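Peer 1: We have chain F; now place chain V onto it with these hints.
First to last, the sequence lines map onto chains F and V. So the first sequence is residues 1 to 285, counted in the numbering used here. So the second sequence is residues 1 to 196, counted in the numbering used here.
Rather than coming from a laboratory, the hints here were simulated on the basis of the structure. Nothing here was measured: the structure is a model prediction, and the numbers come from that model. One or more hints might be untrue.
Heads up, incomplete: computed chain V residues facing chain F, CB under 10 Å, no partners named [unchecked claim]:
id: 1; residue: R41
id: 2; residue: I130
id: 3; residue: F145
Every residue, glycine too, gets a C-beta built ideally from N, C-alpha and C.
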Amino acid sequence: MTCEQSKEIFVLALYNELKESERQAFEAHLSGCAGCRQEFAEMQEALSLMNQRKREEPTAGEWLDSWENIRRAIETPELQTKPQDEPQREQQIVPQRVIRWRPASMPSWAYGIAAMLLIAVGIYAGRTWFSGHQQTSDQSSQQQLAAQPPSVAPPQDSTAEQTLAYLERSRNLLIGLTNLAEHQSLDLASHQRLSRTLIDQGNILAVSLKRPEQQRTRQLIQDLQIILMQLANIEVKPGVPVVELVKKGVDEKSILLKINVEAMRAAEQKSANKGPQEKKQSKRS
Amino acid sequence: MTDEKLLIDRAQRGDTDAFRVLVERSRITTYRLAYDLTGNRHDAEDLSQEAYIRAYRGLKNFRGDAKWSSWLYRITMNTFYDHWRIKKKQPVQFEDETELATMPTAAQTGNAHAPTPERSAEAGVIQQHIDQALESLSPQERSVFVLRHYHDLPLKEIASTLEIAEGTVKAYLFRSIQRLQKELAFYRPELGLEEN
Chain F
1 MTCEQSKEIF
11 VLALYNELKE
21 SERQAFEAHL
31 SGCAGCRQEF
41 AEMQEALSLM
51 NQRKREEPTA
61 GEWLDSWENI
71 RRAIETPELQ
81 TKPQDEPQRE
91 QQIVPQRVIR
101 WRPASMPSWA
111 YGIAAMLLIA
121 VGIYAGRTWF
131 SGHQQTSDQS
141 SQQQLAAQPP
151 SVAPPQDSTA
161 EQTLAYLERS
171 RNLLIGLTNL
181 AEHQSLDLAS
191 HQRLSRTLID
201 QGNILAVSLK
211 RPEQQRTRQL
221 IQDLQIILMQ
231 LANIEVKPGV
241 PVVELVKKGV
251 DEKSILLKIN
261 VEAMRAAEQK
271 SANKGPQEKK
281 QSKRS
Chain V
1 MTDEKLLIDR
11 AQRGDTDAFR
21 VLVERSRITT
31 YRLAYDLTGN
41 RHDAEDLSQE
51 AYIRAYRGLK
61 NFRGDAKWSS
71 WLYRITMNTF
81 YDHWRIKKKQ
91 PVQFEDETEL
101 ATMPTAAQTG
111 NAHAPTPERS
121 AEAGVIQQHI
131 DQALESLSPQ
141 ERSVFVLRHY
151 HDLPLKEIAS
161 TLEIAEGTVK
171 AYLFRSIQRL
181 QKELAFYRPE
191 LGLEEN
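One chain only, chain F, in its complex shape (with noise of 0.2 Å):
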């Protein structure tokens, strides 16, 4: 055996993958060659100084967040990404992550868009659209998040008002993060409860939203899953201004159009459903 035949071979001596003929010739052509042999044994240190290395692994509660994860996107249609051929790579698709659960790895302009979103449609939906049901700006976020407006309804037959009151849910939990970017500190926890609720709520919504119709109203729904799913696993860290981020981003208003139409026809919508019904009920007394 070479010099050249036994470099081709270390990797399978270095992991025990050789025949018992190629060990055979391999270590005797490693007794005879000095360079060959230094080689190898450099080799074999650099692989035990490797096996000294560990990881770190996720606790338990850290799993079955991880799950949820998982199993949300699996479970939402809309929140799913174009169906992937795999492990048929030969397209190299290039993949659209929907859903970033781990805001620790997320760019940083990644939370400028976030709150962008968050406050534009925390502020227009809210004095536009839903000005009926105002609060005050001084109340706290607790109580926004505790007391649900009146208006909300439990979910009922009319999808128009399913829809209204999620988005009225969503602008008040946005409401509520503005407003306590002003006056308090994040209550976190409370936020991505009723985060998680929505997304819920949304999820079952948006499949209810099947005609051509309502596709704006689906993309809406969909954005603001977007946004929920992102306020749902944040994790406010030293150095995270999330707040501070929330009131940069005035400027973008692409969403505030959406919902302020959405929120306009699905207002429409349900006062239309209602008319006839109490046209009924006044026929009847």
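Peer 2: Same frame as chain F, now just chain V:
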């Protein structure tokens, strides 16, 4: 039909409980592979979650004769490559053996991260240097190395998982060990590994 195949069959029909059992059974291995590829816990959690989401969506393509664990390895790898491609704006492509032979080796490129030999060899520092050494590998080298070294996959299975020739796996593994050896060379005298 084996228990695993039964679960896969149910998951393919949309049973998320069955999928959860499959995830439970493989999650430690998948997380560890993700950690070995990314080098940190947060990215490892992200990567393993995303790999499972892709696996679920790609279940219709899973053939009964394939090995579930290999299939999952491949999806995790591909997810990693995609992130690498986006991060570095360049694709991850394996060169074949002959092309690989013309590329510079660790011995030629030198060691950019090497700490001074005087540095302490305490456990934490060693861990850091081992991680740095792994960081010095290309994604191709790293994936081949971690599959062989930390996941104990034979070269043949790595070749099948990565859909490359066995000779290519061998060449990448050789290069990766050479590079690690170079990166960690300063430990040899400290750990009594220096040959007299």
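Peer 1: Look at each hint and say if it fits the structure.
Peer 2: Consistency of the hints with the structure:
1. R41: 4 Å, holds
2. I130: With a closest approach of 5 Å, the V:I130 hint holds.
3. F145: Hint on V:F145: holds, closest Cβ of chain F at ~8 Å, below 10 Å.
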